[in-house]
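Trainee: Spelled out, the chains give:
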Amino acid sequence: MKGGALHHGLRVFWYLLLVFLYAPLAVVVFFSFNAINSSARFAGFSLTWYEQLFSNDEIIAALLNTVFLALTSSLIAIVIGGMLGYGFYRYRLRRLSWLIWLIYLPMVMPDIIFGIAEMIFFIAIDRSLGILAPGLGTMIIAHVTFQVPFVALLVNARLLALDPQLFEAVQDLYASPWQRVRFFLLPVLGPAIVSSFLLALTLSIDDFVISFFTAGPESTTLPIYIWSAIKKGVTPEVNAIATIMIGSVFVVALISLFVQRRPSA
Amino acid sequence: MSSLRRDTRFLLATTAPGVFFIVVFLVLPSAYLVAMAFLSNGAYGLPTPPLSLQSFRELAGFGFLGWSPGNLYTLIRSVWQSLLATAIVILIAYPAAYTISRQPARWRPLMLLAIVVPSWTNQVIRSVGWMNILAPGTPVSDLAVWIGLTEPQMGLFPSQFAVIVGLVYNFLPFMVLPLYAAFERLDTEQVEAARDLFASPVGVFRHAVFPQTLPGLMAGTVLVAIPAFGMYVVTELLGGGKATMIGNLVARQFVQASNWPLGAAGAIIMIVVTLIGLKVLRDLGRRLGGDREVLL
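So the sequence lines, in the order shown, correspond to chains G and W.
With the first letter of the first sequence counted as 1, position 117 gets the number 117 in the UniProt record's numbering; the numbers rise by one all the way through.
With the first letter of the second sequence counted as 1, position 135 gets the number 135 in the UniProt record's numbering; the numbers rise by one all the way through.
Please keep in mind that the hints were generated in silico from the structure rather than gathered at the bench.
Bear in mind that the values here come from a model prediction, so they are computed numbers and not experimental data.
Note that the Cβ used here is the ideal one computed from N, Cα and C, for glycine as well.
Any given hint could turn out to be false.
[Said to hold, decoys possible] Quick list of the computed label-pair ranges, beta carbon to beta carbon:
# : chain 1 : residue 1 : chain 2 : residue 2 : range
1 : W       : Val280    : G       : Pro164    : 51 to 61 angstroms
2 : W       : Phe210    : G       : Gly130    : 57 to 67 angstroms
3 : G       : Asp57     : W       : Pro69     : 42 to 52 angstroms
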């Protein structure tokens, strides 16, 4: 029974893979409840690091910055990216391939170069014009720039999957542009808009490199805070902050599972 | 005529904001970065005229003390680490994607989600997790010491090994997803035909499965090898200076404000290597007979 052995082997492989994937996260969560500051020895359950975390103004500010940055940039990105995806769809027959290349650029460019290019650009603009000083504003701009292509591609893919006759029908019924958006585009694109919003959110929260280079002194986000804490060698609350971020990712994952399971999606 | 003009206006209105963002906040800054590489290094590491190729000379290793190959090693190591990580990712992703595609349809989305969810957590946090696991004194490190893989007190982190683990961990989902998509479309009749012709399991894979999953494999390789080459976070945190990649070299010139033109020259090399990598992978995909365009 060769097939049986293969099947059995794959099952074992699958569980080992899950261990590999979740062990680093589990370790972080586990040691965030450690009574002592160690990631090698567990000395009993305690919430010390969480107490410390919530009384640390710097961390609270970083948390608020992270959430504000993610929500604002994602909202701007779905509007701009959605329009871009729709424009591409409507005019896909025209010579737009150079534009598509432009869209791919942020996706294939190493993020370290992306971040550094934006940093020196913002600094130069700030020096000569006195605007765009590094801070939350520049971070939002940078995040929108890398979120827009993902949103545009998702919306575009959704439109391509539709029956082209739908568009003709809407036109035949003399819908005004606003009616078209309200009664046709938004309902049809709803799931794509929700999933691109979630994707934009996770892209923003996941990003460290681009935030790091475009941030100002007052706009530390949680990943930047964790980064500098590790670099300084001060790590007691890091596991606790990380656990909170891991927890929120799992909430988003559950929401996305729910959205995908809906029959309309 | 007027309808064509209205169309053009509509096209401009829908695409202009997105194109504006990418041109103004990505293309222009990149052009500025590229230009910076041809300036001289002034006081405080800031670029100043005159134009020169000094930073490229410096990047190639020509300094006060004659030639040194350090930067060249970094470049070669970046390419090597990226290829090694990609190879390991492929070895793990193939059976993973196959396993998922063999399950009942209702389990598959959940299994895919299980693969993807860890990658939604921040890169920095994932690296912290591996630091916790591989640090000296942890069970995994003790095991490595016991086997004789590493010196006592050293642990598995920081090391080149830790960097490779971090890279594989980071990029695994980007290989599993396109491979899974390929397995899902797999024409099973070809596989059965190969079996009927008494092909060995290896033969079945080589002649019936591999050609069909090649487009997925090529797409995954682009998504893994290219960003792995430019990696910054994993190498900086898990390598501890022992496995620096070119991204770290470039960033150091800017963060510690030692030499912006040198950093910019490094950035140009990164972009050039990235583009060469994309071209090589694309040509390879065509030569091997991938029936779909890979990403570009």
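Trainee: Against this structure, judge whether each hint is valid.
Mentor: How the hints compare with the structure:
1. For Val280 (chain W) and Pro164 (chain G), the Cβ-Cβ distance of about 37 angstroms falls outside the hinted range of 51 to 61 angstroms, so the restraint is violated.
2. A hinted range of 57 to 67 angstroms for the beta carbons of Phe210 (chain W) and Gly130 (chain G) is consistent with their spacing of about 59 angstroms.
3. Between Asp57 (chain G) and Pro69 (chain W) the beta carbon distance is about 48 angstroms. The supplied range of 42 to 52 angstroms therefore holds.
When the structure is compared with the earlier hints, a violation turns up for hint 1 alone.
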